[in-house]
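Participant: So the protein sequences, as listed, match chains Y, U and W. FYI, the numbering for the first sequence is 227 to 509, going by our numbering. FYI, the numbering for the second sequence is 178 to 424, going by our numbering. FYI, the numbering for the third sequence is 197 to 635, going by our numbering.
It is possible that some hints are incorrect.
Mimicking PhoX-like on lysine-lysine, the simulated pairs with C-alpha atoms at most 25 Å apart in a straight line are [as the list claims (entries may be wrong)]:
no.: 1; chain 1: W; residue 1: 230; chain 2: W; residue 2: 635
no.: 2; chain 1: W; residue 1: 481; chain 2: W; residue 2: 498
no.: 3; chain 1: U; residue 1: 392; chain 2: W; residue 2: 421
no.: 4; chain 1: U; residue 1: 400; chain 2: W; residue 2: 421
no.: 5; chain 1: U; residue 1: 317; chain 2: U; residue 2: 398
no.: 6; chain 1: W; residue 1: 369; chain 2: W; residue 2: 635
no.: 7; chain 1: W; residue 1: 421; chain 2: U; residue 2: 398
Among the chain U residues that face chain Y by a calculated CB cut under 8 Å, a handful are [unchecked claim]:
no.: 8; residue: 188
no.: 9; residue: 189
no.: 10; residue: 190
no.: 11; residue: 230
Distance windows between CB atoms, simulated [to be verified]:
no.: 12; chain 1: U; residue 1: 251; chain 2: W; residue 2: 486; range: 39 to 47 Å
no.: 13; chain 1: W; residue 1: 455; chain 2: Y; residue 2: 495; range: 34 to 42 Å
no.: 14; chain 1: U; residue 1: 410; chain 2: Y; residue 2: 247; range: 51 to 59 Å
no.: 15; chain 1: W; residue 1: 510; chain 2: U; residue 2: 271; range: 29 to 37 Å
no.: 16; chain 1: U; residue 1: 423; chain 2: Y; residue 2: 456; range: 38 to 46 Å
no.: 17; chain 1: U; residue 1: 423; chain 2: W; residue 2: 485; range: 24 to 32 Å
Think of the hints as simulated: they come from the structure by calculation, not from any bench. Note that beta-carbon positions come from the ideal geometry of N, C-alpha and C, so glycine has one too.
These are the residues of each chain, in order.
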Amino acid sequence: MPLDAEIYGRREAIAPSLAVSTALHAALVVCVLFLPGVLSHGGENWGNNGSGGESGGAMSAHLVSGIPLPPNPQAKPENVLANESKGLSQSIPAPRAKEDDHAIAIPDRQTKVKPAKEKAATTISGRELPKQKPSIATPTHEQPHEMAKVDNTVPFGAGGPVAGPYTSFQSGGTAGGLKFGEGGNGTFGSRFGWYTDAVARKVHQAWQSEVSPGITSAKRVYILFDISRSGTPSNVRIEQSSGIPALDISAVRTLQRIDTFGPLPREYNGSYVSVEFWFDYRR
Amino acid sequence: MKHRKMKWTLLVLSLAAIVVIGGCKKKQVPSAPPAAPPPPQPRATLSVSPESIDRGGTATLTWSTQDATSVTIDGIGSVQPNGSQQVSPSTSTTYHLTAQGPGGYVDATARLTVVPPPATPPQAAAPEESEDALFAQSVKDIYFDYDRYDLRPGDQATIDADAAFFKAHPSIRFTIEGHCDERGSTDYNLALGDNRANAARDALIKAGVAASQIKVISYGKEKPFCSESTESCWQQNRRDHFVYGQK
Amino acid sequence: MKRFVVLAAVLFALVLPALSQDWIRTGTGVGGEKIRLAVADFKIPSAEADALDKTFNAVLFNDLHQAGIFDMVSKSFYPLAAIGAPADVRLDAWGAPPPNAAMLAFGNLAVRAGTLQVQGWLFDVKNAQNPQVLAKQYRESATDENARLIAHRFADEIIFRLGGGLSGIAETKIYFISSRTGHKEVWAMDYDGAGQHPVTRLGSISLGPRVSPDNSRVAFASFFKGGPNIAMWSLELGRLVQFPSFGGTTLSPAWSSDGTRIAFSSSRSGDPEIYVCDQNGNNLKRLTAYHGPDVSPVWNPKTNAQIAWVSGRTGLPQIYIMDSDGTNVQRVTDQGYAVSPSWSPNGQFLAFAWVRHYGPGAPGASDIYLMDVASRQWVQLTHDGGRNDFPSWSPDGRHIVYQSTRGGSEQIWSMLADGSQQTQLTFTGSNSQPNWSWK
Chain Y
227 MPLDAEIYGR REAIAPSLAV STALHAALVV CVLFLPGVLS HGGENWGNNG
277 SGGESGGAMS AHLVSGIPLP PNPQAKPENV LANESKGLSQ SIPAPRAKED
327 DHAIAIPDRQ TKVKPAKEKA ATTISGRELP KQKPSIATPT HEQPHEMAKV
377 DNTVPFGAGG PVAGPYTSFQ SGGTAGGLKF GEGGNGTFGS RFGWYTDAVA
427 RKVHQAWQSE VSPGITSAKR VYILFDISRS GTPSNVRIEQ SSGIPALDIS
477 AVRTLQRIDT FGPLPREYNG SYVSVEFWFD YRR
Chain U
178 MKHRKMKWTL LVLSLAAIVV IGGCKKKQVP SAPPAAPPPP QPRATLSVSP
228 ESIDRGGTAT LTWSTQDATS VTIDGIGSVQ PNGSQQVSPS TSTTYHLTAQ
278 GPGGYVDATA RLTVVPPPAT PPQAAAPEES EDALFAQSVK DIYFDYDRYD
328 LRPGDQATID ADAAFFKAHP SIRFTIEGHC DERGSTDYNL ALGDNRANAA
378 RDALIKAGVA ASQIKVISYG KEKPFCSEST ESCWQQNRRD HFVYGQK
Chain W
197 MKRFVVLAAV LFALVLPALS QDWIRTGTGV GGEKIRLAVA DFKIPSAEAD
247 ALDKTFNAVL FNDLHQAGIF DMVSKSFYPL AAIGAPADVR LDAWGAPPPN
297 AAMLAFGNLA VRAGTLQVQG WLFDVKNAQN PQVLAKQYRE SATDENARLI
347 AHRFADEIIF RLGGGLSGIA ETKIYFISSR TGHKEVWAMD YDGAGQHPVT
397 RLGSISLGPR VSPDNSRVAF ASFFKGGPNI AMWSLELGRL VQFPSFGGTT
447 LSPAWSSDGT RIAFSSSRSG DPEIYVCDQN GNNLKRLTAY HGPDVSPVWN
497 PKTNAQIAWV SGRTGLPQIY IMDSDGTNVQ RVTDQGYAVS PSWSPNGQFL
547 AFAWVRHYGP GAPGASDIYL MDVASRQWVQ LTHDGGRNDF PSWSPDGRHI
597 VYQSTRGGSE QIWSMLADGS QQTQLTFTGS NSQPNWSWK
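Produce the complete structure using the sequences and hints provided.
Facilitator: As structure tokens, this is what we get:
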């Protein structure tokens, strides 16, 4: 019948592109909806109290850093030199999910890899603890991670003892380092590696992006400060500015926010130790 | 035309279906594997029947417990895990059962109201006793909605009746106990119970009762009248309870 | 084809954040990892000290594991030879895989003439020239309790050294309410749940214990005088001491961190409001004046210039913050049923219990939440069901103790402040309302 034939003809014309379009749309929807279900523990929600304000990764990260706990790694932290996924995480300038206010929060969670030590530790304490999935306060879709290449990195644990007065860390797109020296031979770092580690850890925890999101990169900023006998940082001064006042101020504020690093080691004779602290900021 | 519309409808429907399915799946929360179960927590229920008797009458206290090794009832002593007992108290009593087991400890309560027969005069001249009896007969408790401490419109009649009684017996002093159901937080419920008791107090004073007759106390959720987790029990507990005398 | 490339890119962008490492967690180098700590069993000269040694080792390991800043190397990875003194230690064996330790704690323990003598060292495994970080000696009478005590002290030393100056919590106590004697009384225990013992014996209902910052007194609400009133128990004297009765329903006392003031809720005016008085109950000052229940105040321990509390002035209880003179009232939660605020020692966070969707007929799951006071961002810490309430911060700001019904009965649990390592502390009876001591 002519009517059927006409319709049939129409169907044929539209069918392939319609199918492809449906498939793509469906795949998109499925990915957006299923992925959080697959990857997340469920229920881990980042939110604000609805009074506006960005539900942003930057703010969320800020929340956790106030707790004096090291971040709880689900998997072994990757050595930057041996990072297989470095290429992937670096090269794609993905469209920021941040700009989309309706993006569904994708809680960041790697549930696949759990260090064996963690399992052993929970049973050693004598009671069989329910295996709790640690609820990490993690920022969400924001901040596509870019591991910046950094010079001066002396990866801790990969190789021998911490050599020299240097120590370093990396945080997202930011790299930083500390150099310990005093009016002397600069052996502080090699003698008291555990103390320099603690200082670097604290600085790392305190460092937060107070920098405005508009800043994408800045020259290295050098900051000098002293650690007194009791462990309080003092005399925080900018040795070399990054050129962006906001960044300089946030670096200074990072140090000022720290109450104490812990008293200087007893075996150290000086009354203070001076530290040079540098940041490479890259968002 | 019609077929095109159908296609679009089908498309929309299928997308909607995918969304729904995706949504449903997303809601599943994998639960954390449970720990080795501790010894089960004992459970207990206690009830009394009938709940109100005349003085001199008897009522049957019935209880049942699970996973308990030692069961005691205040005023009776150690009892079997399941059983019943005849009781014949002379005044209203709240029976309190404690069940202890390897998994812990639980308690249950049941209240038996004793109404002295109005005709029988009390023995030694104790006008308080007849007042007590009258009190129990005439003064009704007030009940509240969840998380509310304002009097419900239907309670006004109760307030008026109670106020009439208190005005007629100006020598009677009494206590308003504020209670809350078991949900919610301990501290907040104490404050809420206080608000409930004070709401009744204010209403009574407004109706002409002397403030000196009234004492207010809040028990929050610490002294429930029943312990089941049902709406009817919760409603039972959300109340102002009038008690003769001021301790 | 183009379409597929675009789709792939978009999909990849969505998947990317999940694949990439969280930016807090990254950091090679010493940025953010936990310190890999190995704790060797302390060597004993003879079997006489075996029982104490077992207690000591178990407590030491648990304290360090609970601290939340160490990645404890499992004992099954340790080199076999027992070590008791620096001369026994071969750093290369400890620093290499499988132990791969960054720090090593070891020592020896002996009982001589009824005295328990312990020597402990902390070595930096990566620093062969100058490995010694700590060397300590302890001597107490030889009891099991003292073995625990020395282990706690040594653990605290290690945590203080390596944790950047924050004191450890191994010697802190938790005060709580237990009804296992048939009445709700105030009890106390070590932070790890050991040594549970009653503090009060009043035979009435006691609620909401709060220990003073100098550990000398416990304030709590008690029915022993009729209605709820604040009672003050002296831990030094072992009995109640005088504290005024304010009238009305008075409860939820809260100490300021300098121990000079107490905030509480009282309905002496006919409506529960927040009051402040000094440590002896004098100089009463009223802070709130709004109809509706106001209860559970808590001070900002860093500044003592703010108080957070629970108010039902708009209906369901919500959390508010005001300055400690009663001005500048701000609402902090937007919905649901929020109670029991606890302010973190660094002044930055409020932990509280929240039922986000509260309604009649639905008891709802009450969970512990954390909120950054400045930014009002919050995160949910407990998820596993049951009713979780009454969070209380540890003095190091890394742990939270709370009550939970997740195991079937109301018990006290503790966890790290990021929600991990949830540990049950009490097991018998019904236990609630924990309060972590200040030091």
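Participant: Report the numbers of all earlier hints that the structure fails to satisfy, in ascending order.
Facilitator: 9, 10, 11, 16
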